[in-house]
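Generate coordinates for the entire structure from the input sequences, incorporating the hints supplied.
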Amino acid sequence: MASGNLPRRIVKETQRLLSEPAPGISASPAEDNMRYFNVMILGPSQSPYEGGVFKLELFLPEDYPMSAPKLGRICLDILKDKWSPALQIRTVLLSIQALLSAPNPDDPLSDNIAKHWKADETEAVETAKEWTRLYASDG
Amino acid sequence: MGISWSNRRRNNHPHHHFLAPPPPPPPPPLPPYQEPTLYPATNPPPPPAPHPYHPAHAPYPVPPPQPPPQAPVNPYYYHSHGYNSCGYPNPMMGRFSYQFQYQPPYYANQAHGWPTAARQSQVGPPPPYVDHQSAKKVRNDVNVHKHTLKIEVDEENPDHVLVSFVFDALFDGSITVFYFAKEEPNCKFVPLFPEAYMPAKIPFKKGLGQKFRQPSGTGIDLGFYELDDLSKPSLGEDIFPLVISAETHQPSSSNDGHLDDPVSNTSAHMQITQAVLEKNNDDLFQVKVIRQILWVDGVRYELREIYGIGNSAAEGFEDSDPGKECVICMSEPKDTAVLPCRHMCMCGECAKELRLQSNKCPICRQPIEELIEIKINSGDQ
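Going line by line, the protein sequences match chains Z and B.
Position one of the first sequence corresponds to residue 1 (UniProt numbering), numbered consecutively onward.
Position one of the second sequence corresponds to residue 1 (UniProt numbering), numbered consecutively onward.
Source of the hints: derived by calculation from the structure; they are not laboratory data.
Some clues are possibly wrong.
Calculated lysine-lysine pairs in the BS3-like style (CA-CA distance at most 30 Å, straight line) [said to hold, decoys possible]:
| id | chain 1 | residue 1 | chain 2 | residue 2 |
| --- | --- | --- | --- | --- |
| 1 | Z | K80 | B | K352 |
| 2 | B | K279 | B | K136 |
| 3 | B | K360 | Z | K80 |
| 4 | B | K188 | B | K279 |
| 5 | B | K352 | Z | K70 |
So, in structure tokens, the structure goes:
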């Protein structure tokens, strides 16, 4: 898709994401659809996800920025009722990165993991580290 | 009313200051608007709640007696923080401010009600669609730069302190410094303790960026007042510990204004700065400006800051400057502020678009009651 009919804001956001990427975050548009981004977020240091690379797909709906970007299953209020058009792709990805640093078991995506986290945080963190090694590492 | 002035001086010499324990910290301001949201700071963080100090009642229950025929019922006067406080020379500095005239239905029974209205609207039904209003400029003939306001020790009279600040004036006029002055109708100020300090008018000539300092020997010994009284307004917001009245007289006007002459007060152009005094850790007084009032042609305007106006297109819009662009389209210069939260963040087109879908400010998510378009073009006047 050509970028000719792409809103100016999306073009600008894309340019800024590429020219000044946020630390630990990369987002690049797909060649055939400038509203579709391949995202990589590095697991934050000092978190169980350190060393992992977390891949996401992000899609900007037709009425973006009046409505939020579409992402996978992530429980984050700014992607839902707390979305504001002043937020951007960059701020959304930074929020996700921050969520990895500070998981919120009180508002979980998975009840089971949240229960585990609350019952035995040490063990849950070990599981998270293990899964990061198994499923989010290059090797 | 709780304020006392005593003939016995409170001992607050620095080397004795342990005898006069520091005052309890002032009551904390209303908690800033907090979102439980992760909100990375690419944009500046939302400012604190806009009214950390106002009481729940209208601060000025008596409307001006002779409003001009088209006078706004609820005039708020906005001025640019960037205009007043930034240090670079700007020929427009302090000269213009913005006022809008639209009165939304919420204010119907309130003289100065939007702080209260803002709270009520949190639970009320969403406001009807409000097309945005254009700001009306009110020329500010004299402007005290509130961030420059200081209390300094009078070197020749170390028990006494002097007030100093920087100000702009388009015409000749005078400055009057009051302590514990009560606001009366027609923007008249009356000192509560004239026996302790009798305000005097100090004339000035027109000019921008002037420094004002009370002449040595004309200061006050604040040791006669309780620190607690100095640190807050009283009687609601009628009495402030420190009030600076700056007034100008246009050449055509012949009045030379006396303090006790109410007629001159209705024709003069005044800017009032109301402040409290707090002691810092070094035992020095610091001035905290609570409010500024403008009195023009018999109409009283309250000055409020608009967040983000300093980053707006006033100093020229460049495509690559993220601080000046509309947060929604990121293409046009922002020229529209949201009320009551006072975030200047959008262009007019996006503001219209937003109002079709949402009633929340994009920056702080407070309900939008009005949109005000503010054009700042130096060639405008």
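Here's how the hints hold up against the structure:
no.: 1; hint: K80(Z) x K352(B); in the structure: holds, 22 Å
no.: 2; hint: K279(B) x K136(B); in the structure: violated, 39 Å
no.: 3; hint: K360(B) x K80(Z); in the structure: holds, 14 Å
no.: 4; hint: K188(B) x K279(B); in the structure: holds, 28 Å
no.: 5; hint: K352(B) x K70(Z); in the structure: holds, 24 Å
Comparing the model with each earlier hint shows a violation of hint 2 alone; every other hint is respected.
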